[in-house]
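Student: Sequences are here, hints too, so could you generate the full structure?
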Amino acid sequence: MTDLHPLWQVLIMAAVIAFTRFLPFIAFPEGRKRPRVITYLGSVLPYAIIGMLVVYCFKNVSVFTYPYGLPELIAAVFVVGTYVWLRRVLVSVFGGVAVYMLLVQLVFV
Amino acid sequence: MIKKSFRRAFRDSLPIMAGYLALGIGYGVLLQSKGYSFWWAILMSVTMFAGSGQYAGVDFMASGASLLTTAFMTLIINCRHFFYGVSLLDKYRGTGAFKPYLIFGLTDETYSITATTTLEDDISPKHYYFFLTALNHSYWITGCVLGAVLGMFLPFDSKGVDFAMTALFIVIMTEQWLSSREHLPAILGAATTAVCLVVFGADYFIVPSLFLIALEMVLFRKKLDKTGEEVSSE
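These protein sequence lines map, in sequence, to chains G and S.
All letters in the first sequence, in the order written, are residues 1208 to 1316 by our numbering.
All letters in the second sequence, in the order written, are residues 6 to 239 by our numbering.
The hints are simulated quantities; they were obtained by calculation from the structure and are not laboratory data.
One thing to keep in mind: the hints can contain errors.
What the hints assert, rightly or not - Mimicking BS3-like on lysine-lysine, the simulated pairs with C-alpha atoms at most 25 Å apart in a straight line are:
(1) Lys227(S) - Lys96(S)
(2) Lys1240(G) - Lys96(S)
(3) Lys104(S) - Lys164(S)
(4) Lys104(S) - Lys1240(G)
(5) Lys1240(G) - Lys228(S)
(6) Lys164(S) - Lys1266(G)
(7) Lys1240(G) - Lys131(S)
(8) Lys164(S) - Lys8(S)
(9) Lys9(S) - Lys164(S)
(10) Lys1240(G) - Lys8(S)
(11) Lys39(S) - Lys227(S)
(12) Lys39(S) - Lys1240(G)
Tutor: Below is the structure:
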């Protein structure tokens, strides 16, 4: 019996995750009128949530212990700088990864 | 048109490929270290398709958490998906048979692309969304299985590759900043999350952040609401 416990856990986790994703589409189905505030939230949330996700990515960075978040800061400045300059997503993303990998593997070790 | 949609989806998925392979491998290694075979990596990456959800899931399994605890914690960690769906109600409308899979595969990364991208006229949105979701899913499964099979014996030091995700979100935020005049939602989203991270700590900040962000958006509605004209087309 105990062998099946992890399997049940996975199935329940999969069901709960699917539920969190399907809920808005079930609550506000196609072709049905929905509250205006929901339409409004749908239009502004992408901007706010990207801001949230950026901060989310830095959640385990400690600014008080070595290397004080410097690799993340330098790589982030590189990404923003190259993107404003060239407007090429792939250049900024893969360049940023290369800079970050160099920093964490060779510079701030 | 379908071919073009695939090409555009593939191009947009490249940053996510790097991030998912790295994060997936990290997850597979963790899973293997707790004594679970790669079959679990396949099962979980196919059915759950959630980064933070799966990382936390390994802990719940290894510690033998009860089904109720597992369900509740998973709900807390993943409730941000609700907000993703709310902002994709219109974009995912009319995607027909693809829709259930698009919703099933709505990860942070897929959301960050589909919610913010503008598609050219010669691209079929539903095919584009489908290809993007399926490509990302395949990268994720590949990464998870690779990590679980290879474990610690990776031929190269991949430390830092997962910065691809961070870089992608920064690029999207920069793009939105450059292309819109209204910066308040982005500032509030980042600032609120940062404050919540400090106040509630790295394990518990997401739920209060989402709640406060939604509240702030409602409070600033007079200033930010530009959906007035579109609503009548419901």
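Student: Taking the hints in turn, state whether each one holds.
Tutor: Verification of the hints:
As the CA atoms of lysine 227(S) and lysine 96(S) are separated by approximately 24 Å, the hinted pair is consistent with the 25 Å bound. Simply put, lysine 1240(G) and lysine 96(S) have alpha-carbon atoms about 16 Å apart, close enough for the 25 Å limit, and the pair holds. In summary, the hint linking lysine 104(S) to lysine 164(S) is not supported, as the alpha carbons are separated by about 36 Å, beyond the 25 Å threshold. Between lysine 104(S) and lysine 1240(G) the alpha-carbon distance is near 19 Å, which keeps this suggested pair within the 25 Å criterion.
Restraint check: the Cα-Cα separation between lysine 1240(G) and lysine 228(S) comes to about 24 Å, which is no more than 25 Å; the hinted pair holds. For a cut-off of 25 Å, the pair hint linking lysine 164(S) to lysine 1266(G) stands: about 17 Å separates their Cα positions. For the hint pairing lysine 1240(G) with lysine 131(S), the CA-to-CA distance comes to about 22 Å; that is within 25 Å, so the pair holds. Proposed proximity of lysine 164(S) and lysine 8(S) is contradicted: the alpha carbons are some 35 Å apart, above 25 Å.
A threshold of 25 Å between alpha carbons decides the hint, and for lysine 9(S) with lysine 164(S) the separation of about 34 Å lies outside it, so the pair is violated. Proposed proximity of lysine 1240(G) and lysine 8(S) is contradicted: the alpha carbons are some 35 Å apart, above 25 Å. Between lysine 39(S) and lysine 227(S) the CA atoms are separated by roughly 52 Å; this puts the pair beyond 25 Å, and the hint is violated. This hinted pair does not check out: lysine 39(S) and lysine 1240(G) have alpha carbons roughly 49 Å apart, beyond 25 Å.
Checked against the numbered hints listed earlier, the structure breaks hints 3, 8, 9, 10, 11 and 12; every other hint is satisfied.
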